[in-house]
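Enquirer: Protein chains in written order, with the numbering used here: chain A, 1 to 332; chain B, 1 to 433; chain C, 1 to 301.
Here are the simulated BS3-like pairs of lysine-lysine, each with C-alpha atoms no more than 25 Å apart in a straight line: (1) B/194 / B/170; (2) B/170 / B/197; (3) A/139 / B/209; (4) B/27 / B/142; (5) A/139 / B/194; (6) C/198 / C/90; (7) B/32 / B/308; (8) C/99 / A/202; (9) B/27 / B/328.
Hints are computed from structural coordinates only; laboratory data are not their basis.
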Amino acid sequence: MSSTTEQRKVNARMKNPLFLLWIIGIVAIAAVPFAMPSLQLLVSFAMAKGLGVLGVTVLLRAGQVSFGHALYFGISAYAGAFLMASMPGTDFVIVLIAGTLGAVLAGLLVGLFVVRYRGIFFGMLNLAFSMIFWSILEKFYHYTGGADGIRLPRPMVLGNTLDHVQFELVLFYTAVVLMVALGWFTTRWFASPVGQLFQTIKTNETRLEYLGVSPRRALLSGYLLSAVLCGVGGVMMGMAQGVVTPEYVWWVRSAEMVFIAVLGGAGSVQGAFLGALIYEFVRTYASVYAGDIWQMILGGFLLIIILFAPGGLIAILNSLFNRGSGKGGTGK
Amino acid sequence: MKHLFVKRAVAATLAAALPMAAFAADKPESLKIGMTAFLTGPASVFGVPARDATEILVENINADGGINGVPIEVSFIDEGAGAESLTSEYRRMVESGGAEVMLASISSGNCQTLAPLAEDLQVPNLMWDCGTQRIFEENDYKYVFRTQANATPEMLASVIYLLKTKPDFKTIAVVNQDYAWGRDSWDIFSTALKAMKPDVEVVAEFFPKFGSPDFSTEISRLQALSPDVILSTSWGGDLDTFVQQASQRGLLNSSTFVLPLAESSLERLGSALTDGHIVGARGDHYFLHPERRDDADFQAFMKQYEEKTGEVSVYPVFHASQAIAALKTAYEKAIADNGVDWPSEEQLLAALEGLEFQGLGRPVTLREDHQGVEAQLMGTSVQTGDYDFATLENIMIFDGAELTTPVGEISTEWVGSLDAGFIDSVSVDTYEN
Amino acid sequence: MNFAIFLLALFDGIAYAALVFIVALGLTLIFGVMRILNVAHGSLYAIGAYASVTLTGYALSLGFAPVLAFPLMIVSAVLVGILIGAPLEKFLLRRIYDKSEVLQLLMTFAVFMILEDVQRLVWGTRPYFDSSALQVLGNVTVFGVTYTAYQMILLPLVAIALLLGMRFFLRHTVTGKLITATTEDREAAQSIGVDADKVFLFTFVIGAILAGLGGALASPTTSILPGMGADMIVLSFAVVATAGLGQIEGAALTALMIGLGRSFAVYLYPEISVLVPYLIMVLVLLVRPEGLFGTPGARKI
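If we strip away everything but chain A, and leave its shape as in the complex, we get (with noise of 0.2 Å):
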């Protein structure tokens, strides 16, 4: 419960010092193409995956660890593939919409069947689905292509046809667009009704059944958010790659988000964002550096936060912020 709190008082604090330095952050990401152009594609990657991580950050307000979230993150990203296939130069928007409507579609229907579940169980479940998905992709290839997986070529925007170059910046702005726009609204929904609601599954959940609110109903609705926003971080990238493939869900994937979440900050909005990015800087730049070792460096990096600092990279940056009040937190 602790954790809720100093939640809150963050969240206070963050009016000042933070507020401003989130600015300054997402001015310096809308700078990048111009600035450091070789970085563009790299933060367009983070992005897009920072708002899948968005998605697990979600879930982990209420407790429940999902390890088959890529499911929703592959799902519209194949729904954006197969709409392009079949109707070749489909508008941008449509394909972002397709996307996220599948991940939707998606989200409700696992998500009525998983909400019955707790902590371990729930966290089994989803990896038993995005498995079972991930293992229809590679059965059925004449339709998905299989391991190879499928292109999903370049979309009108607006109808106009762009060239690589400029479709690369639009996809970019949209990414910050996207990032800005559902972080403030996940934001917003944290402190609505529904979300606190939905925060309450973590804390005391048999408070709730006593307040007479169906618990599966208010996991149900973040769950269905957590899916929305995986799905909308699935497409964006599966336009970003140009292909999809079933590595997309696989587990590790999974995996890979809710440690992302967890390097951030559990439970942070700008966390997950900032965490995808300094994660897909360590690991691009591990796998050049240290091309053999990549994964140890990314291993120890993760064991340092969880013993130093397990509040994650937001927690520093709080406690470095707020180190003239004396009592900057730990996480703990």
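Start from chain A and add chains B and C according to the hints.
Expert: Same frame as chain A, now just chains B and C:
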């Protein structure tokens, strides 16, 4: 990127103004190339040998003064690090790392991802190992070339070798890995088999998951069915496990195995691969290549490679040698054709069209659709005692041009249109070992 | 499907189930006692296999008889438990018992990532195969189908012995009872003088030894290569969740269901064999949300 824009804009303007002039590029300090390969994950059984071989080959070229005095500098990208890292690193190498040519990749999935990207980035890309025949059948590329064969000639060679050496078998079963290669290769193999020998019965089709640790159930079932021939296009740990388990339980005594990728597992399989099974090599790749083993350059390389790695060469080493040979030959041709110190990108692409080059196997040519035409080597396993693993006898080397799908046709349709007469029409050179 | 084929599928299923059970047993023990889902269990499995192959290969090269492979498997498993399991619990896991399960899980995931690279650095990427243990025991022929005695007889026997041994240990020995007591109520156990730290360390080492043993026993039948641990861990997770948390008998039954389901699928409809563990898990949890043998009280985790 800005720099690139300017360069392109200038080039475009100049090209418009002086269409006939040849532009030489400035001779660079070094020729930077990037190569993608699996350094981690199960496919590192191919990626690591290819990397080691590339390092040796590049060192050798540089020791001889490089290409027209320019040394080659190669960096590697790990395909095992996932698609995002791969694509973003590929772009970084091209856009700000100064890579002039890219060599990608092992995985067919990665080839499908990177081919359009190479086109977007306008960087010449030599596909050095991936097998999918779809790349050039479904799309046209200006910047992408393949310096080896594809799944179609590889499978056709296996079918023809099987029909030549064991003409009257009746039943066949397949155990392939459950991913695109396993499925595609069976599509081509079975289509070709049905076209050339329609009376064969397929008694079982198994696609155990990729990386499966256990084939016991499949083997039990195969023993009960006892087909004349068992095909497996698996590779790496999967192939090793399958053959070892099958050998242990005597399945190798009752059925003939057709293993189109087993050349890369010969050393690891040791005595488990008994006599009389059909082994392929995804091209004319074999550390005792009958036409090449007496050549000084071949022997020198094999010695260097064994000293460096402690293992004998496998097909990815040959594929790497072909890509590096194509690179070197193309630059030298472009330099000679245009009389320049260093070719422009356009000159390099022109040189690559129809290029003939030779790595460690027979010479390879690039067709008009950019597909490489490569000979195919097949053989039968035999435990001679000279090595503590099986080597090959009754080796046949098929001419690549006849086995490769004609330009503009789709593999499965073309293969399906063949008939029994095709078997004898193919030119082949036979060697006892 | 005739009776002979039914029997053949049964044998294959049991052999496979035995191996899955041995690995899942360690995982469910650790989970039952410590409430930690140990992702690194898969790495311990892989390292057990690597260690066994290396030791056997070394012994053979010194001219020892292949039968030595069997004691060496146990040696490898114990080495994995003591050299990797013990420090893992003592220096890492112990520091986060008061943290949320997500953090605990991620810590084992981090260890898993590190150990994956450690394996590659030590043993390289080349697949290993050493079937000397398998060859010692020879083959058995049933209905014209040859099986290895190792898979058909030895593995199931080891699995049954471990199941019975673990039951006996937990219910009828002092240490076992201490472990059970700590599982039920850690604070009460500590108040009557049980050293919970010791119990946890002991449990984790036993669990790690079982993982290593699973790997060592698997090693003569399969190629040992990077990534083999990742597959096993997902499968054992499915077993543990389907069985009900910490349920040893449940794990045995689930492993059997998965093993048989898989082998019958190969005979009847090979395309779905990969899906079998997940389908079983979804179906079981649909009917029994706490797992086959789980009790509703376990929901607090």
